[in-house]
Structures are given as C-alpha cells and as structure tokens.
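J.: Each chain is listed here by its residues.
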Amino acid sequence: MSFSGLHQMLAYPFMVHALAAGAIVAVMASITGWFMVLRRETFAGHTLSAMSFPGASAALLAGVPLAAGYFGFCALGALLIAAGSRTAGRRNPSQESAVIGAVQAAALALGFLFLSLYGGVLVDLESLLFGSFLGITADQVWTLAAITVGVLAFFAIAGRPLLYTSVDELAASARGVRVRVLQVAFLVVLGLAVAATAQITGVLLVFALLVAPAAGAQQLTARIPLSIALSVLFALAIVWIGLTLAYFGNYSVGFYVSTLAFALYVVCRGGRKLLPA
Amino acid sequence: MAGRAASTSPGSAPPGDGPIATPPVIELNDAAVSLGGRTIWSDATLRIGDGEFVAVLGPNGSGKSTLLRVLLGQLPLSAGSASVLGTAPRAAKGQIGYLPQRHAFDATTRIRGVDLVRLGLDGERWGFPLPGRSDARSRVDEAIRRVGASAYARRPIGELSGGEQQRLLIAEALVARPRILFLDEPLDSLDLPNQTAVTALLNEICRSEGMTILLVAHDVNPLLPHVDRVAYVAGGKIVNGPPEQVITSETLSALYRSRIEVLHTSDGRLVVVGQPDAPSHHSDRHA
Chain A
0 MSFSGLHQML
10 AYPFMVHALA
20 AGAIVAVMAS
30 ITGWFMVLRR
40 ETFAGHTLSA
50 MSFPGASAAL
60 LAGVPLAAGY
70 FGFCALGALL
80 IAAGSRTAGR
90 RNPSQESAVI
100 GAVQAAALAL
110 GFLFLSLYGG
120 VLVDLESLLF
130 GSFLGITADQ
140 VWTLAAITVG
150 VLAFFAIAGR
160 PLLYTSVDEL
170 AASARGVRVR
180 VLQVAFLVVL
190 GLAVAATAQI
200 TGVLLVFALL
210 VAPAAGAQQL
220 TARIPLSIAL
230 SVLFALAIVW
240 IGLTLAYFGN
250 YSVGFYVSTL
260 AFALYVVCRG
270 GRKLLPA
Chain B
0 MAGRAASTSP
10 GSAPPGDGPI
20 ATPPVIELND
30 AAVSLGGRTI
40 WSDATLRIGD
50 GEFVAVLGPN
60 GSGKSTLLRV
70 LLGQLPLSAG
80 SASVLGTAPR
90 AAKGQIGYLP
100 QRHAFDATTR
110 IRGVDLVRLG
120 LDGERWGFPL
130 PGRSDARSRV
140 DEAIRRVGAS
150 AYARRPIGEL
160 SGGEQQRLLI
170 AEALVARPRI
180 LFLDEPLDSL
190 DLPNQTAVTA
200 LLNEICRSEG
210 MTILLVAHDV
220 NPLLPHVDRV
230 AYVAGGKIVN
240 GPPEQVITSE
250 TLSALYRSRI
260 EVLHTSDGRL
270 VVVGQPDAPS
280 HHSDRHA
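Each protein sequence line maps, in turn, to chains A and B. To convert, note that position 158 of the first sequence is 157 in numbering that gives the first Met the number 0; the numbers rise steadily by one, no gaps. To convert, note that position 233 of the second sequence is 232 in numbering that gives the first Met the number 0; the numbers rise steadily by one, no gaps.
The set of hints was computed from the structure by calculation and includes no laboratory data. Incorrect hints may have been included.
Reference listing, derived: stretches of chain B covered by chain A, where coverage requires no fewer than 3 residues with Cβ under 8 angstroms from a Cβ of chain A [claimed, not checked]: (1) 95 to 103; (2) 108 to 120.
If the Cβ cut is set under 8 angstroms, some of the chain A residues that face chain B in the computed set are [to be verified]: (3) V150; (4) F154; (5) A157; (6) R159; (7) L162; (8) Y163; (9) V166; (10) L169; (11) A170; (12) G175; (13) A221.
Cβ coordinates follow ideal geometry from the N, Cα and C atoms, glycine included.
Based on the sequences and whatever the hints tell you, model everything.
T.: Listed below in structure tokens is the structure:
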C-alpha cells in the first residue's frame, strides 16, 4: 500500500462515505461504550445489539423501513432491561444479568419467528451480522451524524450525574440525582446508538466498537478525560485502519475491525502492567 | 456539650429526652416506618443535638439503614413526624453528607480517588465534569488533606486498601461541607487499627467543625471513647441516650424482650451477651 494507493482509495465516493460513517460511528460507540464499561452494562450492550435481528426481521415482515425495526426493537429492549433489573429501587446486578439474558433469548426467538412468518430467508444475513460498510450513501452519513449529535448532547448534559450514579449510586441518590431516570435514559441512548451503528457495521461489529476501545482505554488510565479521549482515538484507529486494510486486502471489513479491536484490548491489558496509573 | 445534658430513664422504651439547650438538628416524634406492609420500627422518638456524635447500633435487619433513609427523605414515615435541620428531611438533603453501606471498589473500577471526591462536590449537577475550576479543585484537595489521603488520592481507587478507600469516601461525603454526616457501617470491612484511626478522624471532624455525625455500626467498642449518644434499634423500637444508660442489661432486655446481659471487661470494653441473632427475614440486609 503506497501513498498513491491511498490517494486512489480516497477517489472512490463509497470509500469516502465509509470512512466518514466509520469516524462518526467510532466517536458515538466509543463514548457510549466508555460509560457502558464503567457501569458494567456490557451484557446489556450485547443484548441491545442482538435486538437488531428481530428488529430487521420484524421490519421485513411488516414492510416498513429496516431502520424503523432497528430503532424500535433496540428502544424496546432498553426499556425492558431497565424495567426488570431493579429491586427495591436499586440496581441489582444478579437480577440484571438474568433479565438481560432472558430478553436476549426472547429477542433471538422472535427474530426467527418473524423470519419464518415472512416466509423467506433474510436475504442479507451477512450484512446484518457484519454490516454493509461499503454501500453507504451520503444520506446515511448525514442521518448518522444527526443521531451522533443527539447522543453526544445527552452526554454533555447528563455526563456528570451519570458518572456519579455509575460509581456511587446510593450517595448520588441521596444528593437528589434521579438515578432511575438516568439509568433508563442511558439504556435508551445505548439502544439508539447501537441501532444507528448496527445498520452500517452489523450486529457483531457494533459490539466490538462499544467494548474494546473503552475497555482498553480504561486499562491504560484512570484519568477520566484522558480515558475518554483514548477510547475515541482507539475506535477511530480501528475503523479507519480496518477499512483501509479491507480495501487493499482480501478479507471483509468485519474481519479486520473485530481482529484489530481484540488485538487492541490484549495490548492494553499487557500495557497496563508497564504504566504507573 | 448539649448532648450530654440529655437524660433518659433506663429500662423504659422509648425513653423521653431531657431538655436540650439548642433546638435539635434531627428529630423523630412517635415515628413508624413500614416496608412492603411490614412495620420496621414504631413509636420512635429521637432528638439529636447540634454537633453530637451518635452511634446507631442494633442487629442486622433491625432497621438501622432504614433510619438513615428516613432522615435522608428517601422513605416516608407511616406514622409520626421527622425533621432534619428544622425542615422536612427531603428539603435538608443538600446539607447532609452520606456514606452508604457498600462493598469495596475492586481493581476494575478505573477512576481515581480524587475524581470520586470531586463528584461529592458537584456530581448532582448537569453538565460534564471538565477539568478546571481551581476553587473546586482546592476544595477537593482540602477535603482529601482533611482525611489524610493526599498521598494516594490520585491513584485508581480500586487499587487502594479498604482503609484508604474509606478515607476517600469520607472525603467525598465531606467535600460539600455538610452540617450532618451519615455513615452506614463505615467500619465494617476495616481491620482494628483502621477502625480506630477512622473513628478518631471522625471524632476530630465532629469536635473541630461542630458537625453532627450519625454512624451505623455493629460493634460499639471502637466508638465508645467518642460517642455522645447511642441510638439502639432492635425489636421494632429505637432507644436512645448516652451509651452508659442505653447499653445496660435492663434497657437492652426491655428492648429485645428477652434476657440480655451487658458485661464490662477490665479494659473498658462492653460485651453484650444473649443478643438474639438477626431476625429470620434476612432477605434484605440493608433494611
């Protein structure tokens, strides 16, 4: 891969769209994922990505746009998880994971039910799982950018109390933070971010982008601003390098992105031992 | 000290309080609270004066944390009234520092102690915690110095020992300069030297700043040299008064409605014998 090769790559509109959409998705997923990892809601994030499957098949069955199915089911999943995961007004980790597991099983079953009712096969199972990075239109890029602005606005407004409830829920609640409202709001934002991202990256990749950069960054530093910045940087690097390798190489974007995400996490785990804090 | 003037008549539960010079900071009048249809305690009358150091004692599940939740305005009373700083508990929450009962942070919690303390200052406000405001930073540093945690406040909280974490959590509760401090079993996970050190620190804060402190504990002994008053929660009642009047065979036997003996060891410790185990409804340890 040479400089002229890169120059040539950027002459293709589909590659420019993919790189732009990838950057937007990287920023949204890494920041949402940073809070998800801190809050130990990774399993919820995974289940919300799986909601894309019944979402897509329900949309096919009902004859509505795929996006409506993605957003509808991800939001529904977020509300179900939020409703079932608390006892006596507090987060209950053991109940939470059981509820999330049950929601995920139901989601997959519903996905298959809708698919068999539809009577066909989901034409593009591979793009559901691994995305359709290279078929992105300019309109999709703008839609994605608008959703990302909304998600970032949520964190700009609610970031501090959300952080407080994430590390010290009872103390935050005693100070008047609306813990319950923030938990539901965060899960819904997570669901929307996942739905927006999954349409482009696929169900499997969105999860890689949510978890790996944030978990890697948190391994390296406990300073909050630096940790978030590293998380964004890692996600951008993973997506852009993955797209570039896919352009020049023989394998799919999904393979490169998920492999890079995994490698990054392993390197960060190893790197933690070498760093002071 | 105003609290010492209070007198109780041992053996009668709940004992009335004598006159307190200043108006009480915390007051319960014939209060009762129930959770899920079950009465946790009732007929509770409690008056805590300004600057008193109070130990809240009692078996698991007797309603010690419930008492704190009532005073924080998180739980309504089913009878009677409660006031904190002369207003409804909910209205006073900005003046209360609260250290909840918890398990320690483990190594996967990747934020620094100083970040946690900062959240105690303004974590409830909207916005995003940007590094900056130097007055906020100096207040955070002051609170950290106050608890003697400056040496390790910038390390990840999960890598610190239980005693170090507890000091930073106290700084988190203190940093907003509350008038009242609630601590729910802060000594629970600490070894004896740390229990002594943390108790002495709290006593020093209570005396030098006139802060009113309610501390929930299992064992009164580390607290005995310091506390002005004991609120004993057991058998659906709350008895309060100076420790030498409450922690007696007569008062505790009346409270538990069974034979309890309080023994004094030669080194000044108290041993309570015959204390029934936690009640059978141990589903919620926080109740």
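J.: Next, verify each hint and record whether it holds.
T.: Structure-based check of each hint:
1. 95 to 103: With 6 residues close enough to chain A, the hint holds.
2. 108 to 120: This one holds; 8 residues, not fewer than the three required, reach chain A with a Cβ under 8 angstroms.
3. V150: Result: violated, 13 angstroms to nearest chain B Cβ.
4. F154: OK, holds: F154 of chain A within 8 angstroms of chain B, min 7 angstroms.
5. A157: This hint holds: A157 of chain A lies near chain B, its Cβ roughly 7 angstroms from the closest one there, short of 8 angstroms.
6. R159: Holds, about 5 angstroms.
7. L162: holds, 6 angstroms
8. Y163: Status holds, d = 3 angstroms.
9. V166: Holds: closest Cβ of chain B sits about 6 angstroms from V166 of chain A, inside 8 angstroms.
10. L169: Hint on L169 of chain A: holds, closest Cβ of chain B at ~3 angstroms, below 8 angstroms.
11. A170: holds, 6 angstroms
12. G175: holds, 6 angstroms
13. A221: holds, 4 angstroms
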